[in-house]
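Each chain, letter by letter, is given below.
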Amino acid sequence: MDMTEYKDIVVYIETADKSPVKVGLEMLSPARKIAEKKGGKVRAVLIGDGIRTAAQKAAESGADEVILIESPEYEIFHLDRFANVMESVIKEVKPYAVFVGGTQDGKDLAPKLAARLKTGCASDVMDVKTEDGKTVYTCPLYGGTVLQDVVMETSVPQIAVLRSGAFKKSEETVKGTITEKNIPAADENIRLKIKDVVKEISETVNLEDAQVIVSGGRGMGSRENFELVKQLADLLGGVVGATRPAIEDGWISRVHQVGQSGKIVAPKLYIACGISGATQHVSGIMNSDYIVAINKDEDAPIFEVANIGIVGNAINVLPVMIEEIKKKKEAE
Amino acid sequence: MNILVCIKQVPESNKVEVDPKTGVLKRNGAASKMNPYDLYALETAMRLKEELGGEVSVITMGPPQAAQVIREAYAMGADHGTLISDRRFGGADVLATSYTLAQGIKKMGDFDLILCGKQTTDGDTAQVGPEISEWLGIPSVSNVRKITEADGQNITVEMDMPDDIEITRIAYPCLLAVDKDIFQPRLPSYVRKTEKADTEITMLSLDDMDDRDETHYGLNGSPTQVQKIFPPETNHHRELWNEESSILSEKLFQKVKELKFV
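Sequence lines, in order, name chains A and B.
What the first sequence shows, in the working numbering, is residues 1 to 332, in sequence order.
What the second sequence shows, in the working numbering, is residues 1 to 262, in sequence order.
Quick caveat, the hints were computed from the structure, so don't treat them as lab data.
None of the hints are false.
Dumping the calculated DSBU-like pairs for lysine-lysine here, alpha-carbon to alpha-carbon at most 35 angstroms:
{"id": "1", "chain 1": "A", "residue 1": "K195", "chain 2": "B", "residue 2": "K107"}
{"id": "2", "chain 1": "A", "residue 1": "K129", "chain 2": "B", "residue 2": "K260"}
{"id": "3", "chain 1": "A", "residue 1": "K193", "chain 2": "B", "residue 2": "K107"}
{"id": "4", "chain 1": "A", "residue 1": "K169", "chain 2": "B", "residue 2": "K180"}
{"id": "5", "chain 1": "B", "residue 1": "K180", "chain 2": "A", "residue 2": "K168"}
{"id": "6", "chain 1": "A", "residue 1": "K327", "chain 2": "B", "residue 2": "K255"}
{"id": "7", "chain 1": "B", "residue 1": "K251", "chain 2": "A", "residue 2": "K296"}
{"id": "8", "chain 1": "B", "residue 1": "K180", "chain 2": "A", "residue 2": "K193"}
{"id": "9", "chain 1": "B", "residue 1": "K260", "chain 2": "A", "residue 2": "K296"}
{"id": "10", "chain 1": "B", "residue 1": "K21", "chain 2": "A", "residue 2": "K129"}
{"id": "11", "chain 1": "B", "residue 1": "K257", "chain 2": "A", "residue 2": "K230"}
{"id": "12", "chain 1": "B", "residue 1": "K228", "chain 2": "A", "residue 2": "K129"}
{"id": "13", "chain 1": "A", "residue 1": "K168", "chain 2": "B", "residue 2": "K251"}
{"id": "14", "chain 1": "A", "residue 1": "K7", "chain 2": "B", "residue 2": "K228"}
{"id": "15", "chain 1": "B", "residue 1": "K251", "chain 2": "A", "residue 2": "K230"}
{"id": "16", "chain 1": "B", "residue 1": "K251", "chain 2": "A", "residue 2": "K329"}
{"id": "17", "chain 1": "B", "residue 1": "K106", "chain 2": "A", "residue 2": "K94"}
{"id": "18", "chain 1": "A", "residue 1": "K118", "chain 2": "B", "residue 2": "K26"}
{"id": "19", "chain 1": "A", "residue 1": "K329", "chain 2": "B", "residue 2": "K260"}
Between beta-carbon pairs, the in silico distance windows are:
{"id": "20", "chain 1": "B", "residue 1": "R47", "chain 2": "A", "residue 2": "E172", "range": "51 to 59 angstroms"}
{"id": "21", "chain 1": "A", "residue 1": "E180", "chain 2": "B", "residue 2": "S13", "range": "46 to 54 angstroms"}
{"id": "22", "chain 1": "A", "residue 1": "P184", "chain 2": "B", "residue 2": "E214", "range": "36 to 44 angstroms"}
{"id": "23", "chain 1": "B", "residue 1": "T215", "chain 2": "A", "residue 2": "K175", "range": "43 to 51 angstroms"}
These figures come from a predicted structure and were not determined experimentally.
The beta-carbon is built from N, C-alpha and C at its ideal position, and this holds for glycine as well.
Work out the full structure, taking the sequences as your base and the hints as a guide.
Below, the structure written as structure tokens:
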């Protein structure tokens, strides 16, 4: 097999509420780097209904070509249907690599494609680099205790699931083209029926684009104390985040969840209050520029990743802090 | 109802280190356990069996000592267990692992439902389940946090998505990867363990598979190659403050101001 004929990078850009998800656009920058090394093109794929504006956005964010597949059948994500479409696009484009964003749907779609194409698939990729002409993907092992560099030299194509927040959106303004493709859903073999998508919460929270996030965990102790987290977030013009235990205890709604099963965030400032630092949570905040952690347990793993670790009870520290900021603000 | 649960033996602790000289992974102690996420899949299987009748089988792949996790599954109530073990299966990545398991599953018989845990605590990929379903040509659903309805033909499940809950109805045969906390896993029963002490574990090697082409298995059948394993960068810029709350608040305030967030 002549591997040099495979040059392009296909990037699957998922949409949510008809807009490209953040990781979708972030993947275009590593895709661009690899495509340039290979002398190929970055081809973004968008599947949905009424997503022309999203396709336009992708075309302006670093894709040479946007392949747009629109149909009412694709209004909501359906694993088998979307895998069918991606498979057919990949077989036509014959890319060197396929990048899929590490959203819950993306994490499901990528291995389906890998098994169908009998190819390798790197998961939770935190870094992509070229070494001796090989594309090297860095992925965590043992919950991130150690990392591994993997290559997929014989894979055509090589598939990689890129971690949300791990790559910076490119500033380039390449003006890509949009190609519409009509790929009907071949439903005769589909036995999976989506009955319902229940929007549990109407509130929307933009954690992914937040500059400042103040998060609370089980250490906040009660719903009343969790209010302190909200107050500090308000004062700093930030967004409220939470760990799974805090959400399970009903202190705040699920849309605020930060971590592997919630949102992967990358703010300039992240303040963790009463959060011990379980891997689930920590892997979701690793790309923050500056982390402040307040926890009464000196051995809490959150201190491993914090720039500043404050050993103290958040319930005592936060009220004083909030008062101080209020005073200063009034004085100005 | 014929249910199969895929389980894996993983190291007891996640505290692994890389030998700085050789770059080889050092596992602290040889102790191992069942992948914690698999306990939820097993519990789900037991509940469905209790409600709908039928049998629960488990399958694992690993060295001979991985039989231990099958014994543990027996103590939780599983009826049959199969261990796929062969040196030629060593070094398998996701593709080769899922292919080997799918080959083994075909040998075991027909299942209405295959259950997997969300992911393992060593490999972390969460990809083996979806890939098995592709090799077997059956649909799959991941992130299942609740089963709302199950009968002899269909199962209705809720999936935990970041912004909403998705409800899917799926006909058997199918594969589900269940989330943590779907049910509280039962403890292994000593009585059951004793009762099942003589229950055999079916052993499968490459020679038992339909596809005996060695290049499809183990290292040979793995398109991903690990170049190196290394520790993550350590955080060198950290400070730890340990003072009175009022002093801490003042210092924190100064810091936030210095960072220009106030």
